[in-house]
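There are 2 protein chains.
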Amino acid sequence: MYPVLERIAYLNAGSVGPLAQVTVDAIVEGRRRDLEEGRSGRPYLDAMFAARERIRGALAAELGVPPENVALTRSTGEGCNVVVAGLRLGPADEIVTTDVEHFGLLGAVHASGARVRVAAIRVRPAGEAFDAILAGITPRTRLLALSHVAWTSGHVLPIHELKAETGLPMLVDGAQSVGAIPVAAAGLDWYTISAQKWLCGPEPTGALYAADPEALAIAQPTYFSQRAYKPDGSFTPKDGAARFDSGWIDPPSLAGLEAALAVHPPWRFERAAEMAARCRALLAERFDVVTEPGHATLVSFRWPGDDAAEAAGRALERRVAIRDLPGTRWLRASCGYWTSDEDLERLLTCL
Amino acid sequence: MYPVLERIAYLNAGSVGPLAQVTVDAIVEGRRRDLEEGRSGRPYLDAMFAARERIRGALAAELGVPPENVALTRSTGEGCNVVVAGLRLGPADEIVTTDVEHFGLLGAVHASGARVRVAAIRVRPAGEAFDAILAGITPRTRLLALSHVAWTSGHVLPIHELKAETGLPMLVDGAQSVGAIPVAAAGLDWYTISAQKWLCGPEPTGALYAADPEALAIAQPTYFSQRAYKPDGSFTPKDGAARFDSGWIDPPSLAGLEAALAVHPPWRFERAAEMAARCRALLAERFDVVTEPGHATLVSFRWPGDDAAEAAGRALERRVAIRDLPGTRWLRASCGYWTSDEDLERLLTCL
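Protein chains in written order, with my numbering: chain A, 317 to 667; chain B, 317 to 667.
Hint data in this document are derived by calculation from the structure and do not stem from the laboratory.
Treat the numbers as computed from the prediction; the structure is a model and nothing was measured.
Some hints here could point you the wrong way.
[Unchecked claim] Taking lysine-lysine and the BS3-like style, the derived pairs with C-alpha atoms no more than 30 Å apart in a straight line are:
1. B:LYS546 x B:LYS479
2. A:LYS546 x A:LYS479
3. A:LYS546 x B:LYS546
4. B:LYS546 x A:LYS479
[To be verified] These stretches of chain A come out as covered by chain B in the derived footprint (C-beta under 8 Å, 3 or more residues):
5. 389-402
6. 423-431
7. 474-484
8. 487-495
9. 512-522
10. 542-548
Note that CB positions come from ideal geometry on N, CA and C, so glycine has one too.
With the sequences and hints as input, model every part of the structure.
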């Protein structure tokens, strides 16, 4: 199903997932159609809009939420900018985040102009994250912005517990969770999807869940945001979260994403968790593993040498794809339902 | 070179351009590589960054500006949002625009929160645009935001003359100019490119020229914006306009865009102007043509019937691709260097 697995022990879906044959077939077929029939006209546009709605539904199902609460984006970072810019915060406001976040979230947080409080959880046991994040909250906190699964440590953060405890607006970076572990976004405020990672879609594709779309300003309108507009740019937004749709996605990529979403088996989460646990146990025999047991599908571990980037490069030469985490000496292996025992053996052998 | 032309009189590059065989070949080749080799690792990323820099250079050349003043975006609308949000305007500020603009520009203008003054030029002779736009300027004007070639009327707006006269910051929507007519962005402040139209690139691709990148706030940071960042999201921007690079473009699309940019012949502008003039003359024999002679490569004309959208649909059924302009009874034909006399004959025959 995933041809790259025949050549490479591909343990890097946390960066970008493997592509299925049917996904690339759909893209190629779509581009051939574009080549011969052109990229315009009512039937072409109608098919594009219909594909967007089917994908909106499929991605909503990944989060267990209604399609009308989901916007189509092209990355988690885009979703984060939509939310944080739409909140119109200023220097008197505060955002609480953590020190295990990706720049896709942090850049938006910084651009808000709000004061940013960073909970230090990276070098603490996962069980201490809840209290460390709570300690950052003040009466001026307007937003909690954090990931569901940390791209660095691989730990699951207690997002639902934090929401229940604080009731504060919460933006969740779902880049390392959706497609990797079961996700239920209901009860949260905003939740992002990176469809090119664990969902194995073409890049750049993604989505943004918004519990209450009408409550957020549209800071970055696109042609997809509006149903009608006036010459001064004032406009009637589309109903629901579609008003935050972030821009054109080429129809071949839409077809590829639809194909990608259709191939995942019902046992994907159990199998991925099992392989991640096995990967962790094997690595723990020889390395200092950062990721505690029982979290998600990323396994980070300390590289004993000086240069983790060089180690990742050497592994790739031996057809094992993992990544280093800049600014640390950590390496990270990503396990999916597609990961085999042989992939793990090859990882251990090559290190 | 453009297979769609063998099947369709494709007169709709103002929406999306025809794709060259080499462009689609490059995309397909890239996706096959992704399928078999995976989408990660240092060599993969290095090649992606190198392709971005080559394309930055090629798109800068289209505007006659240095590459360090060009950001890679995925649409004109994205570029407009980058600029207008970065200016941090408020209700005490004013933006002057016109009534021939696309929502890609207008949406950003509206979202700024500034007061918007709309110069009425759509139903006036093109020669009156200069005075009509000047009349909208007040001491509170912080930005002129307008297109180089109006997507509706097809008229060239006097952007350089307006800049010389007013000295005001100017954002130019270049969606209907770059690749269609010669463009020199030097002397202007911001200028957008839609690479999927007249440059015949894959969508969504584009660029933004910024004369003074350091002077504009980074309102929507992306991973490409920064050279280094801290846990609170504060970051060291990349040098030059690359700080406004708007997000991931898949390497197959980068390869496709590079191929697309390489096929345009040196005589493209002269030939496109010649075909547009011929198209205009033929249409004027039977229709009330909106676009005055001697403008760009769009020719808009009044459809004598009630339903221009239906007329465009019927034309496509007869393998002639033109478009209607919503809210008017206008139809629009787009002529490129690839347009043949036979295409124009088929247009006239089918109407």
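Against the earlier hints, flag every one the structure doesn't satisfy and list their numbers going up. 1, 2, 3, 7, 8
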